[in-house]
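2 protein chains.
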Amino acid sequence: MRRTVGWLADGREIIYFERLPGAERKIVDRRNLDSPSIITEVRYDRLLGEEVAISSHRQDRTYLPPRDECPFCPSRAGKLTEIPSEDYEVVVFENRFPTFTERVPGGCGRCEVVCFTSDHDRSFRELTASQVRMVVDVWADRVQELSRLPGVRYVFPFENRGREIGVTLVHPHGQIYAYPYLPPTPARMLERARWHRERTGGNLFAELLVAERAASRVVSAGEHWCAFVPEAARWPVEVHLYPYRQVPDIPALSDAERDDFAAVYLDVLNRLDALYQEPLPYIAGWQQAPVDTDRDLAYLHLRVFSVRRAPGKLKFLAGSEASAGAFLNDAFPEDVAQRLRRAGS
Amino acid sequence: MRRTVGWLADGREIIYFERLPGAERKIVDRRNLDSPSIITEVRYDRLLGEEVAISSHRQDRTYLPPRDECPFCPSRAGKLTEIPSEDYEVVVFENRFPTFTERVPGGCGRCEVVCFTSDHDRSFRELTASQVRMVVDVWADRVQELSRLPGVRYVFPFENRGREIGVTLVHPHGQIYAYPYLPPTPARMLERARWHRERTGGNLFAELLVAERAASRVVSAGEHWCAFVPEAARWPVEVHLYPYRQVPDIPALSDAERDDFAAVYLDVLNRLDALYQEPLPYIAGWQQAPVDTDRDLAYLHLRVFSVRRAPGKLKFLAGSEASAGAFLNDAFPEDVAQRLRRAGS
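Same order as they appear, the protein sequences are chains A and B. Under this note's numbering, think of the first position of the first sequence as 1, with each following residue one higher. Under this note's numbering, think of the first position of the second sequence as 1, with each following residue one higher.
None of these hints come from the bench; they were simulated from the model. Any given hint might turn out to be false.
[To be verified] Straight line, CA to CA, 30 Å or less: simulated BS3-like cross-link-like pairs of lysine-lysine: (1) A/LYS313 to B/LYS79; (2) A/LYS79 to A/LYS26; (3) A/LYS79 to B/LYS313; (4) B/LYS313 to A/LYS313; (5) B/LYS26 to B/LYS79.
Here chain A stands alone, though its shape is the one from the complex:
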């Protein structure tokens, strides 16, 4: 995989990843680009023991532009976009409206955009297995690089898909947040896993995976990966993907594991879109080890879930979830798993 680094007009880094042979890239962003004035601050909620990131510049970010104004399509004559070239395979660049950035005094961390393909109309599900494999390699590259940035404690690659969850740019892309703190969800899981190991010597993630593989909620399985609806799913559609081998993060995956992930994940995404015979809005996020702790305790996995509870109906987080933290799920995980096993087959 070739890797070409350049800089956008306002100083942000951009990295092209390519498998296809080609001439050396010259990256020149000819736009006249104002930097948004970035004010961002991490505060600590002492009652909940959690950091909250507060910014004041993101309200103006690009919001559902018309198709020919898509900032993630390649540039062409008269239409300069975030990607200053006429084609690309996979490209990564710093978010123009970052919550975390080193590019302001006192700032720390980074927010990156990953464009999965130059094809505006494709979705992740429609990538080929070898394209997905390449995205895994790109994630691995970024996790390694971002982990080395000063002050970064956790790297989180994720994809938001669908207007229903607030996606404002439809071009197929994901994001990577490099947090200067350990986010609450991985923090809590690692705390529970640590407690379990101290009491029993076992790895909680690995034990739960064994139980899930034996239960009736498996949706898809390959040589190295298993996808299941978890026993205590919070969302009306929720699938977790675990490798059979415990690894701390994406860079630790072997070639064979990366290839198999592509196959299993594409199978899962096909089932998700077949469930209601329409593209499913979803959030897919990688849970992995923090940069500098718990590398022997953490267990890499991907969590995919949707707010779609029925065709045309969404699950909202209201009083019980958003205010008391208590999730109510209107679908039994066993039923969802069965529907997903039947979907798209």
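Assemble chain B onto chain A, guided by the hints.
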């Protein structure tokens, strides 16, 4: 306050609360009402250490009915509703589609609906101070009663307002959940407060209230209550209301505190609706002591927040919040407090 208890056609309890004098109520529900087949189960997520409630009957619940089909308006000739009488002041009844209920074998807990007024077109903000005071008395009654149900560990009165957060019935109403477990958010706060008391002897809630009253984020204050935007607010609009005196729950509030709450809360709600010159969708939830623990540690307060981040724009919980648990707020709490202080004045 008079209190009349009756039963709906399918056996659910209904309670009328009245300040006005009147004849004794005869409660006869003449509907032929099928009970939905209720299947509900509490599962435990071992990785996050949290209960999740799963039900399979709630998918069919009433969804934005036309105005003349409102089930929370009083019954009239030819239109029988959930409230089998021609008028009411405040009425409480068991939810027809409950997540928690004692009315099935093995079930536990309860979900109640509180209709704040018989006037379909009024919002909580438009209630008079004496109506709000009455609602506080009703909440106090319900907290006491529900706390006595076998297996109930936490009582949570809340209001969801606005279609933007999934409200499917517009008639002004709130809900009360009597959970058979301690929900994650109060559990976490009490854990932090306990840890703080063990280390310092102080009450964390009370200390934070002192700090907030001295800071620049106070929105409204009365003789007994203070409303402020918290320092580490998660939501683009968020206001917490604390009484100056530490009390564990709503029943422990004095008459004067209840009256003052009505005044301060109505002032806050007026400011919230004035913020964008349109009714603000919000979630308002009471944090109080669990039924059987931490009554000296907990500190009753109300948390109100909105997903509205700008006119016509909503804050969505996407990858960072929903998957990593890390909240990103696009508004500085000091700015929001200032805008709320100016709004509606």
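Can you name, in rising order, the numbers of the hints this structure does not satisfy? Of the numbered hints given earlier, the structure breaks none, since each of them holds.
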